[in-house]
Structure formats: C-alpha cells, structure tokens
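Protein chains in written order, with this note's numbering: chain A, 1 to 497; chain B, 1 to 497.
It should be emphasised that the hints constitute simulated quantities derived from the structure, not laboratory data.
A couple of the hints might just be wrong.
Unchecked claim - Below 25 Å or equal to it, Euclidean Cα-Cα: the simulated DSS-like pairs (lysine-lysine) are:
| no. | chain 1 | residue 1 | chain 2 | residue 2 |
| --- | --- | --- | --- | --- |
| 1 | A | K140 | A | K470 |
| 2 | B | K65 | B | K407 |
| 3 | A | K399 | B | K470 |
| 4 | B | K487 | B | K65 |
| 5 | B | K470 | A | K407 |
| 6 | A | K470 | A | K487 |
| 7 | A | K470 | B | K407 |
| 8 | A | K470 | B | K140 |
| 9 | B | K140 | B | K470 |
| 10 | B | K407 | A | K399 |
| 11 | B | K140 | A | K65 |
| 12 | B | K140 | A | K487 |
| 13 | A | K407 | A | K65 |
Unchecked claim - Computed footprint of chain A on chain B; a stretch qualifies when at least three of its residues, placed anywhere within it, have a C-beta under 8 Å from a C-beta of chain A:
| no. | stretch |
| --- | --- |
| 14 | 158 to 165 |
| 15 | 258 to 270 |
| 16 | 278 to 284 |
| 17 | 398 to 407 |
| 18 | 418 to 424 |
Owing to the predicted nature of the structure, the values given are computational and were not obtained by experimental measurement.
In this text, a Cβ means the ideal position worked out from N, Cα and C, and glycines have one as well.
2 protein chains.
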Amino acid sequence: MSELSGKSIIGFRRGEPNVDSFRAVNPLSGEELTPEYYAASEAEVDQAVQLASRAFEVYRQTSPKLKAAFLRKIAENIEGLGEPLVTRATDETALPPVRIRNETARTCNQLRLFAELIEEGSWVDARIDRGDPMRQPLAKPDVRSMLRPLGPVVVFCASNFPLAFSVAGGDTASALAAGNPVVVKAHRAHPGTAELVGLAVSDALRASDLPEGVFSLLFGRGEDIGMQLVRHPQIKAGGFTGSRSGGQALMHAAAARPEPIPFYAEMSSVNPIFLFPDALREREEQIAIGLHASVTLGAGQFCTNPGLVFLPTGADSAGLIERLKEMMASTAAFTIGLFRTCVDSFLADTNLSAEVFGPATLLVTYSDVEQLPDIARKLEGQLTATIHATDAEQDGVNKLIDVIENKAGRIVFNGFPTGVEVCHSMVHGGPFPATSDGRSTSVGTRAALRFVRPFCYQDVPAIALPDELKDGNPLNIWRMVDGELNKAALSDMTFGC
Amino acid sequence: MSELSGKSIIGFRRGEPNVDSFRAVNPLSGEELTPEYYAASEAEVDQAVQLASRAFEVYRQTSPKLKAAFLRKIAENIEGLGEPLVTRATDETALPPVRIRNETARTCNQLRLFAELIEEGSWVDARIDRGDPMRQPLAKPDVRSMLRPLGPVVVFCASNFPLAFSVAGGDTASALAAGNPVVVKAHRAHPGTAELVGLAVSDALRASDLPEGVFSLLFGRGEDIGMQLVRHPQIKAGGFTGSRSGGQALMHAAAARPEPIPFYAEMSSVNPIFLFPDALREREEQIAIGLHASVTLGAGQFCTNPGLVFLPTGADSAGLIERLKEMMASTAAFTIGLFRTCVDSFLADTNLSAEVFGPATLLVTYSDVEQLPDIARKLEGQLTATIHATDAEQDGVNKLIDVIENKAGRIVFNGFPTGVEVCHSMVHGGPFPATSDGRSTSVGTRAALRFVRPFCYQDVPAIALPDELKDGNPLNIWRMVDGELNKAALSDMTFGC
C-alpha cells in the first residue's frame, strides 16, 4: 500500500501535511491504520473549489463522447486497483471481502451506465419550437432549450458504502456525467479506500486530457471542510448520504447561503414492511428468510434496511416471530435487535418510528388490515415501503398503496427493499426526511437530473448553439420539435404541420 | 359587477365577513372600488388547506383526460367573463383594455397548452425496466417509475400580471395539470379580478365533477395568510412571482419548515442587453425602437424588462442615446428613467446592477467588446440576457454566451426579452436571485415538472399500477423501456434485446 500518502488530492497536486490529522481504525481489532491523514486547510479547500470553477468552463462544454470515455476510464482504473483495494476497504470497514468486491462491481457498472446515458444523449431533454416570422399579431421566435450543468458539486462520502456512495459513487458519477466538476469530501472511516479510488479518478482525468480541477478529494471534518465547501460561493450543488442530523445541518447551510443552492441529502428511513395475513400464511418460511437477510445485510447499515415490520397479531404471526428469533440468535458477529410492540403503542409514541441505524427491527402487530392505511399515514417520508400480500388481498393493498404513494419513493411488492437495482427507472429518494429533496433520486440514471437546469436559446445563430439543438441533430438524439418527439433533422420535417 | 362579494372562496363555500378588510384602489383616480374584501381568518386558511389535502386523494388519481377537460373548462369560463373582467381589471390596474384582453387570451392559451400536454401524456417520464428471474447472482426485479404529484400547492398572485401570473395563471395551470390541488392567495392590488377568475375556476371544478378543495382563493395579507399557507404542514409546494424581499421571506420560510418544501419564487432580474458595435451601426434605428418598446411595455413592469444596456462608448452609441432620449421624452403617462454610466463605475458599485422595478434603464458604456464577458461574470443570476451582434462579431459573442449560460435562464439574440413565448421549450427561470430555484421554469410546459416527483413500483401487480406503467400502454404514451424510448405495449417487444 505504498501509494497511500494521507494527503488530499487538489486538482493534480497533493495537499500539505498538517497538525490536524487522523488515522483510520480497523473496527474489528481497534488497531490504527497507517498512514496519517491530513485535514485539508481552508486555503486548500478554496484552491480545490477555484480549480473546479475554472475547470467547469471547459468541462461543461466537453463532448458527451469524451465525458463517457472519462467515466469508463475511471471504472477501468478502479477495477485495476484489484486486491489492495479489497484489503484496505475490509481493514477500514470490517465488511467482508465479497461485499467489497460486489460493491466495487456495482460502482463500476454505475459509472458505465452513466457513460451509456450521456453517449446516447437524449437525457438532456432537447426541445425546439420553430419560429414563424409571419405569425400575427407578433412574429414567433425560434426557441430551443436543453438541460445544462450547474457548476462545481460537493459530494460527501457515506460511512455505509465505502465505494458505491463514496469517492466515485452515484453522486460523483451523476454529477460528472451531467458536466459538473466534483469536489469530494472523504469519510473519516475509510480514508485509505478514498485515496485509492481518488487516485484512480485523478489518473483517468489526466489520461482523458481533461482539465485539472474536474476532480478533487479532500480529507477533514464535516463540520469544518464540509461546511466550508457547502458555503463556498463557487459550489453550485451538493450530494450527501448519511445521518439526519448531519444532512439537516448541511441542507440548512445550503438554503441559508446568500445564493441558495440545491442540496441532495439522503438521510433517514425506516423502510416499513407491511405483511398481510394471507401472504404470511402462504409464505411464512420464505418471508422469515427474506426478512432476516434484509435486516442483517451489510450489518444492517443499508439505507433501505427495514426497521419496521407490521404483522398480524396472535396466531397469524407467532410462527414468523419464532423463526426470526431463531435465525437472529444464530447470526454471528452482530448484535441483533428484534423489538415488539402493538399498533396502539406504536401510534402513541412517535419515537418508535425513528430510525435505529444498524440491524434492529421493530415488529408491530395489528389486529385488522383496515388499520394499515392509517398507520402508513402517520409515518414520516421513506425511501421505500414494502407490501407482502396475495391476490385475494388486493383491495386492502390498493388502499395502502394510495397512502404509500405520498409517503415513499419506492414501493416493493412481495420482496425486500435492500439491494437497490441500478437502472433507468430506479427511484432511491423520497419525501423528507428520507431525503432533503423528494423530487430526485440518487440511484439510477434520473440522478443526473439533479445537477442540471434548463437553458433556453431564442433566435440564437446555429454556430452558437450546442450540438444537441442544431438543426441537423448531429448527435442523433430524441428531441421534442414543435411538441412532437423525434430524432429528425429539422430540414427533414415539414414546417407548421 | 353584482357577482363580487369580497369573500374568499373556500372549496365550494365562501368566507365570512371580517373586521380585517380592504378595498382595491383605482391607481389612476385614487378612488376606492367596491366591494369590501375580507381577509381570510386563520381557521378559513386551515379549512382551505384541509379541503385541498382531502381533494388530493381523488384529484391525484383523476385521469389525464378529465383533468384536461377541467383546464379547458376553466379557459372557457374565463373567456365567458367577457367585458366585465376587462372593466374590473383595468379599473384595478390602470392597464389598457387591449393589454387585459391579450393577457386573458394568453392565460387561456396557457391552460389549453397544459391540457394538451397531459392529454398527450408522455410528460410523466414513464420508465420500465423489465425483470429477469433467471439473472445471476440475483434475480432482476421488474422496476417501473413515473412522475407523480406532490400535494396541495400554494400560489401567490403577482402584482404585475393580474391574469397570466395570478389566479388561473401559469403556476395554477401547471400545478393543476400535474395533479395538485391549488390554494391561491389573491394580490391586494386586484382582488376583484381575482374573485371573477376564481369563480370561473370554481364553476369549472363543479362542472367537471371534481372534489371540493381542488381550488380555493383567499384574500388577505402576505405576511399573515401567505406565511400561514407556506408553513402549513399539508401544503407541499409553492409558487410566487413578485419582489425579491417577499420572495426571499417565503422561500426561507419554506426551507425552515420541519418538513421543507419546494418553493418556486420568481423575483428579481435586470435582464441585461449587450449591444455590439457593428450591430448598432447597422441597425441603430431598429434597436432604438425595439429597446424603447421593451423598456416601456406594460409600464416597465414585466419580469423581463431590460434594466441594463451595455453599449459602445463615444460616437458608436451617441446616435442611439439621442434617439432613445427623444422617444422617451415623448412617451406619455409614465415617468421614464434613462440613466448613464461607464463600465468602470458600474463594476465599482454593485448597487448599479440592482433591479429598479418599472420603466427605468441604465445605459453602461464600454470601450472594448473584450470587457463584456467580465461584466457578465459580475452580474447576479438573470431571467434573460440579450445580445445584438452581427455575424462578423461571432467570436466576441461566443465568449459572452459562455458566461451567460451560467448567469441566465434564456439568451435572446437580436431581439428583446419582453414577450415570453408560451411553448414547450421556453425557460422563464434562472439562477438566484432571478428565481429561488434555477432548476425550473414558470412558463412553458416544463413548468409542470416543478410540482411532481418520481415514484417507483417494484414487482407491483398490474392491477395496482397506474395506466402509464401498465404492460399494454393503454394511454399510448412514450415510455423508456429497458433504456429505449417507444410507445410499444410490452407484449409486442422481444424480451432481453
């Protein structure tokens, strides 16, 4: 691991040693890991942002093809890190090697999915309304618009995903894909993993002939450099996955700036599971196994960890509860929390619906499925809600879905919320406090939409238009022309039809 | 005008008389207009929101076809108001009847454009990623998602557009189109116009058999009922067009709620115009006429009123300045402000780039077009920026556009920013402080995207899916299926290709 220097990556330079330093700790052995990590100074944070701001002038105009090649090169470089990455990440997190390998694969797949997205190109929502100089009483202008990047984005690494939600994770991939430079704040729990991945990104940037400042990686405390980054006038958006208190502090700082910026914090979710009686009778063993696996997956630290399970009272659920107890008692290495209450106590005490981060689950027994919509109405915003039911229970299910559509970002049917599929249609988001901005997702290709805004060109000469809006449609993307979606060149279309 | 009662419209009921009342004033004569308008009480505000919240349960599931018919019925009813609307609106605003008629037409066209949008239906961004139970190492779930409405929206009427940005204006039309009930706060300058249009909306609601509470209209002060509405837990988003101080107070209240909500305030823009020397030499008279018309249009109260004009110093601009002075001196009825300074003074005094609401324009002379990008970099966020230049000046133009793309929502070439075309590609928005949220537009069909969020269905049975996501594509909309855009039914597609 001779590559690790403990210094921030500031453009193509490295940060300076500093009295403010820390080391990663192996959570299993308690042993401190070398090297010493130096917190970026205020001046270094500013340098990283200034470099990002200058790099934006070039990067925002970089062709989709070149940006896609850059993203693929990052993936290739991360894969090239091989076993030393697995060793360091397992040392820093105590997660098993197979989990680190899977998460690395997911991270690289994600980078390649965004590469495909921007290479295909239609995601920019290009729209053209052709002008009509003869229109009465006023000539109609030629109006064209598309989504353009916002500017430098700060990304906060998450404690629970050292790869997929960290240095080159979803926030970074989507911000870079959308044309924004990224300044990453490493998480103190896994700085070595961050440095290895950061160097992979930095090398990809150099190899792609893109400007210094498109990527920087800073070590230090959230309260210090995190706040400095969110408040920096040249930072134009932010992404965060972590605790409710941390996320709220940052989102309020973003909103209180002289120029407020979008800040996407994914914070807190208990991911309720609603078990209907028939489903439980038909599939008790299957549900017990799935629930146990979902609760304990990744030490229960997944954002979509199910922290609340609603199940029928009495004999209907006795078997499931016994099976869960058995399985949890035999789960090695983690202390498992399995708590129980009934609907009335649950509704009377709002603390019971608060998130417990880790493998803890509260079982809440109900006496009648008619209670479920009311229970759901009382919940805060969630990333997910899960229903297990049979076809015969569809009426009750429909009533519950009506409520859940206003409470969560995703509903899962007869499955489990952990294991978020990275695809075009995925929504990993939800109403506050699941996230700071329920209009968005941090997983799936819609994530790129968080870091753009529409920009409009009225009667602008062809030479000054982006390729996406030129008459000939040189990038061959889907565009909305006079209200119709097509891939045509304007010269091939009949005017005014 | 016997229809006017001075009472708020709370669902299908009317508000109560109240000691807290006011009258509209004819700005020309200073005369108070009848009737007395009663401020909604705290309890009435709450009733309106509770009704909206209940109505949302039905309205969010209302078919696009029925919602479209409702929007068209509103337009028809507003047109049906005829001359009494023109009379009341001119009495309240002193705007000429032709302006009121044009604005009424624009308002109704806008409602019909949103009706078309939702009837066509593809705007919901439906996405389907088909499952694969055989995938290794894990089965791939069936994942589908689309945009869904947020919930009750508060809309603030604007002083400067009594129709197009008021009771049934762009914010209301886009929020209703997207499936959200609307609670409108009337502007104190034109309550009679608001009541007439409010009754037209209310009648359309009843005629469409839609639930009470999809629309309410409240009279009263922004500091009181406006704040109460923005802070109400059942309000899920807001739209505002008005002053920077008013907009900022509301946007900060929205961000400081226990559950923060999206708030779209369109506030402050000086809409700079950059005149290049060749263009001025070639088209001096045309530019003078256009600029004069744009500055004085609507008493200079358009959001896109050009408040800053950059023009070459010395002989190049002497003729234009003389012509502008002549035309402005002969413009009746308004006091016109035409101020002058040079680039150095302008850059030295940030006050000079602040908005003066009304027909006032600051002419700033520059000595070299190379100064223009630096000038643009110093400006705050704008709704629009305008360039007049010839083909020979394209190099300088490109450098300026590079900066403007980060400073404004729309660039206008060889034209003027007033007269916003209502179409799919229009962007009437821009970086702060032009708006509170530069990711959006308040004019054009993209405005509906402000009031929705993505929602995701994983392995949900067909019967519980919205029509937009059903296998057969019964609404015949464009959907992204496994990453490809098409209108196909899933049964017509080959799996896994």
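Next pair to validate is K470 (chain A) with K487 (chain A); report whether the Cα-Cα distance is within 25 Å.
Distance ~12 Å between K470 (chain A) and K487 (chain A) Cα, so the pair holds.
Would you check the hint for K399 (chain A) and K470 (chain B), treating anything up to 25 Å between C-alpha atoms as holding?
19 Å, holds
25 Å Cα cutoff - pair K140 (chain B), K470 (chain B)
With Cα atoms ~19 Å apart, K140 (chain B) and K470 (chain B) stay inside 25 Å; holds.
Given the hint that K140 (chain B) pairs with K487 (chain A), test it: the Cα-Cα distance must not exceed 25 Å.
Outside the cut-off at roughly 31 Å; violated.
With the threshold set at 25 Å, check whether the alpha-carbon distance from K470 (chain B) to K407 (chain A) stays at or below it.
Given that 25 Å is the threshold and the Cα spacing comes to 22 Å, the pair holds.
For the pair supplied as a hint, K407 (chain B) and K399 (chain A), confirm whether the alpha-carbon distance does not exceed 25 Å.
Between K407 (chain B) and K399 (chain A) the Cα gap is close to 47 Å, so the pair fails against 25 Å, i.e. violated.
Mind taking a look at whether chain A covers the stretch 258 to 270 of chain B? Criterion is 3 or more residues with CB to CB distance under 8 Å.
This one holds; 3 residues, not fewer than the three required, reach chain A with a Cβ under 8 Å.
Satisfaction of hint between K470 (chain A) and K140 (chain A), Cα-Cα up to 25 Å:
18 Å, holds
Verdict on chain A covering the stretch 278 to 284 of chain B, criterion of 3 CB contacts below 8 Å
Since three or more residues must qualify, the claim that chain A covers the stretch 278 to 284 of chain B is violated, with 0 doing so at under 8 Å.
Assess, step by step, whether the Cα of K470 (chain A) is no farther than 25 Å from the Cα of K407 (chain B), and give holds or violated.
22 Å, holds
Between K140 (chain B) and K65 (chain A), does the CA-CA distance stay at or below 25 Å?
29 Å, violated
Are there at least three residues in the stretch 158 to 165 of chain B whose beta carbon sits under 8 Å from a beta carbon of chain A?
Coverage by chain A is violated here, the residue count being 0 at a Cβ distance below 8 Å.
Checked against the numbered hints given earlier, this structure breaks hints 2, 8, 10, 11, 12, 13, 14, 16; the rest are met.
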